[in-house]
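Q: Single-letter residue listing:
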Amino acid sequence: MAQLDLRRKLSVLADAAKYDASCASSGTSKRDSSGGRGIGSTEGMGICHAYTPDGRCVSLLKILLTNFCIYDCAYCINRASSNVARARFSVDEVVRLTLEFYRRNYIEGLFLSSGIIRSGDYTMEQLVRVARTLREAHDFRGYIHLKLIPEADPKLVEEAGLYADRLSANIELPRDEALQRLAPQKDVGVIKKAMGQVRLKVEAARPEKRDRAKPPRFAPAGQSTQLIVGADGAPDTEILQRSASLYGGYGLRRVYYSAFSPIPDSSTALPLSKPPLMREHRLYQADWLMRFYGFSAPEIGEAATDGMLDLAVDPKLAWALNRRELFPVDVNAAPREMLLRVPGLGVKTVDRIVSVRRYRTLRLEDVARLCRSVDKVRPFITALDWTPGGLTDAVDLRARLAPERAPKQLSLF
Amino acid sequence: MAVAALAGETDFDGWRKAARRFREAGVTPAEARFVVGGAGQGGLFDAPAEAPAGEGKPFAVPRAFVETAQSVILHRSDDRFDLLYRLLWRLRDAPDLMRVVSDRDVADALERAKNVSRASHKMKAFVRFRQVEDERGEAWVAWFEPAHRVLEMTAPFFARRFATMRWSILTPDGSAHWDGEALELGPPATRDMAPAEDEMEEFWRTYYASTFNPARLKTGAMRAEMPKRYWKNLPEAALIPELVAQSAVRTEAMVAAPAPEPNRRLEKTLSRLARDASFDEGFVPSTLEELDAAVQACRRCPLWRDATQGVCGAGPKKARLMIVGEQPGDQEDLAGRPFVGPAGRVLDAALEEAGIDRDEVFVTNAVKHFKHEPRGKRRLHRTPTTGEVSACRWWLDAERRLVKPKVILAMGATAGLGVLGRKPAVTKERGRPIPLSDGAAALLTVHPSYLLRIPDPAARAAERARFVADLEQARSLL
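Quick mapping for you: the protein sequence lines, in order, are chains A and B.
For the first sequence, the numbering used here gives the first residue as 4, with consecutive numbering after it.
For the second sequence, the numbering used here gives the first residue as 1245, with consecutive numbering after it.
It should be emphasised that the hints constitute simulated quantities derived from the structure, not laboratory data.
Careful: at least some of the hints might be erroneous.
What the hints assert, rightly or not - One side of the interface only, derived from the structure: several residues of chain A facing chain B at Cβ under 8 Å: (1) S85; (2) K195; (3) K196; (4) A247; (5) D268; (6) L365.
To be verified - Simulated DEER-style distance windows between Cβ atoms: (7) A:D124 to B:E1533: 20 to 26 Å; (8) A:E139 to B:P1431: 37 to 43 Å; (9) B:A1541 to A:E139: 39 to 45 Å; (10) A:R327 to B:I1698: 42 to 48 Å.
Cβ atoms here follow ideal geometry from the backbone N, Cα and C, with glycine treated the same way.
Throw the hints in and build the complete structure from the sequences for me.
A: Quick look at the structure:
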């Protein structure tokens, strides 16, 4: 009977946690269980142990400690005014589930969040207690991601950083004005201050100065946040600007974008429609361009219409089609930064081109072997035996490169 | 034709020895054959007697080739030995060949190595242990079918991860056993040698089903990362058809559900918890604490949007000296206190030299929010506009009214604008007290961050001395 209860709780509290898109288990310190009392390892690369039919990976046991909440955020399944089933795990139940799942190799670790109960301090204290029990009582060396309750005492945040690999506080709504309207108990200033504190502590824990004693550990996998897409009317350019500001300000490892999705017992304050998955995808691509390809948010925005990215073509292609005077680019001579701007060339491909061209002058077929699809690249490059001629400036280039059926954001219901 | 017999499918050492001898003997790729097992069981090199041996010289190959070859040999393709020998042969004339990743053979080998590495990664992901009890207690057994022959390569990962567990991984290629101390490799196994179920699998399936969001079906993305070939050994995969089939109905039900009845009592409680973020433009603070709270809600200009917080002045309530800078920087924005970053350290040192105790100075800025531009992982300072400085004078004036300093030292043109209401020529006007309408005297000097930017050490020292002299002058006026 007790077992059945636990399964029911698991069902409720996993359902309550799934709208948080974060799933990473990478980028933390390397360690394993050799010589320890327990189990667990992290070796740099994250591992996705399963995929659900929504295409999302299952890497961590992603659950809430409880979905009771005193806040009433319109976009959230767990808001106080929702009639969803409520449950609460005990600290030991979460610890046990984490270890039992981990032993069977279902997960990389735990991602624990919670509704706000009683107070920010009380809630954060409960989360920290789970992490502390796993680390200290069970010598668990797997990955732990804890949700930061922004209102909590900085001392609790410090303790959380001691046990957790990653901390995160979600901004959720790209527009501050919308947060006030849709999440009246939240304060974006408090969230930003908490993220600022985390950045300062992560920096202080970085063992840079050799002569100093090793600083105490603090969230070696850094912090991340999430922005909901499609709930507050913010256009893509505004969302990307927000992300750029968050990356620069708080040293975030990741900003996650979560297409606003219908939830059970949803609030009337928000539109119910199919989640804008293609829009979410384009935002992730644009985010990648900012982090790995040297693009700035305003540059990506150049090709947007009314602040919205093109859904039919990826943001790099959209940018290039808009800036054709910069192309074609000579793959045998162009600097790395410019090759990164060629549609269809990823970071790995560019690095390979730069390395190979020291030994061979590249032909188009060589480039074809190095990248995924040369058709997309061809109009934007020259190689030993290739020049695109009028193709770069062809009027119908966009139509040629866009997929046959432009993916539209259909409203199915 | 030269034939070499290898001891097993993944016999890298055997292949290496044979291939080395082939190349030394001038056996071309077309003439070389590698066979697993065969007549010469156990013999590593079974080249026919007529193959000329030891004709060539010993040779070295790039490390990149050895590493790639070690992976490629685990690939399930039959022609992998031939591909590797072709590469080894071509390395004779092209020692840089492995770097030419666009070459057909190199690209092929790298692709196969990538497939092997992916198979190893998927093994780390998709092995599922089941619990068993034996005479020595609790142990864990998994049946797994890897896409390539990656058992031996991947087993140490499980030893590191599950160091305190006794486990076995059984595969059609072989088995790996860990007893808590040593890793042992055993013969191939069959599925029936592993347990058929585990009591936690019901919990795992419950979790898997619950963490799935039916409103965002993307089965293509799922199959790309979790290929169907692995499904038969994943306890959760049995749920996939039903989850997919029901997703549309479940989503429709969520959308069609009537809006919840409003609960008046709850609404009342919630509204009490709501924070008041409205900005009252006419509010005049009567204490520094009120001022600080009001600045946090300020919407007089858009700089609040990308800043963490408004940073007000700090220092004694009735300081005789007020020092005004331009705006908070990156560190000040996070810490919420003025002059804690690099410019703050310059200021602190100069104050000490001028004989001024910073604890007796009220230090503030002309603009309370950090104006910047994100650049990757950093934020680059941007100078506030006249409009932004003017908007923020409301707060600087309030600080002046509350602190009532005798002397105000404005550092830099922006600070001068904030204090005087006009843009001063700092270099011309410095050193001369300017009377202010509230009875205080203003002095102008440069901003300490200017000192940080002077590249020439001698010029920097001279400018710094002038800066300290300006501070001393301010002290003399108190």
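Q: Are the hints correct? Go through all of them and say.
A: Results of checking the hints against the structure:
1. For S85 of chain A, the suggested interface contact is upheld, since its CB lies about 7 Å from the closest CB of chain B, less than 8 Å.
2. Taking 8 Å as the C-beta cut-off, the interface hint given for K195 of chain A holds, the closest approach to chain B being about 5 Å.
3. Annotation: interface hint on K196 of chain A holds; nearest CB of chain B at approximately 6 Å, less than 8 Å.
4. Interface hint status for A247 of chain A: upheld, as the beta-carbon distance to the closest one in chain B is roughly 4 Å, under 8 Å.
5. With 8 Å as the threshold, the beta carbon of D268 of chain A comes within range of chain B, its nearest partner Cβ sitting at about 6 Å, so the hint holds.
6. At its closest, the beta carbon of L365 of chain A sits 6 Å from a beta carbon of chain B; the interface hint therefore holds under the 8 Å criterion.
7. Taking the beta carbon of each, D124 of chain A and E1533 of chain B are about 22 Å apart, inside 20 to 26 Å as hinted.
8. For the pair E139 of chain A and P1431 of chain B, the supplied restraint of 37 to 43 Å holds, since their beta-carbon distance comes to about 41 Å.
9. For A1541 of chain B and E139 of chain A, the Cβ-Cβ distance of about 42 Å falls inside the hinted range of 39 to 45 Å, so the restraint holds.
10. At roughly 44 Å, the beta-carbon separation of R327 of chain A and I1698 of chain B lies within the given 42 to 48 Å, and the hint holds.
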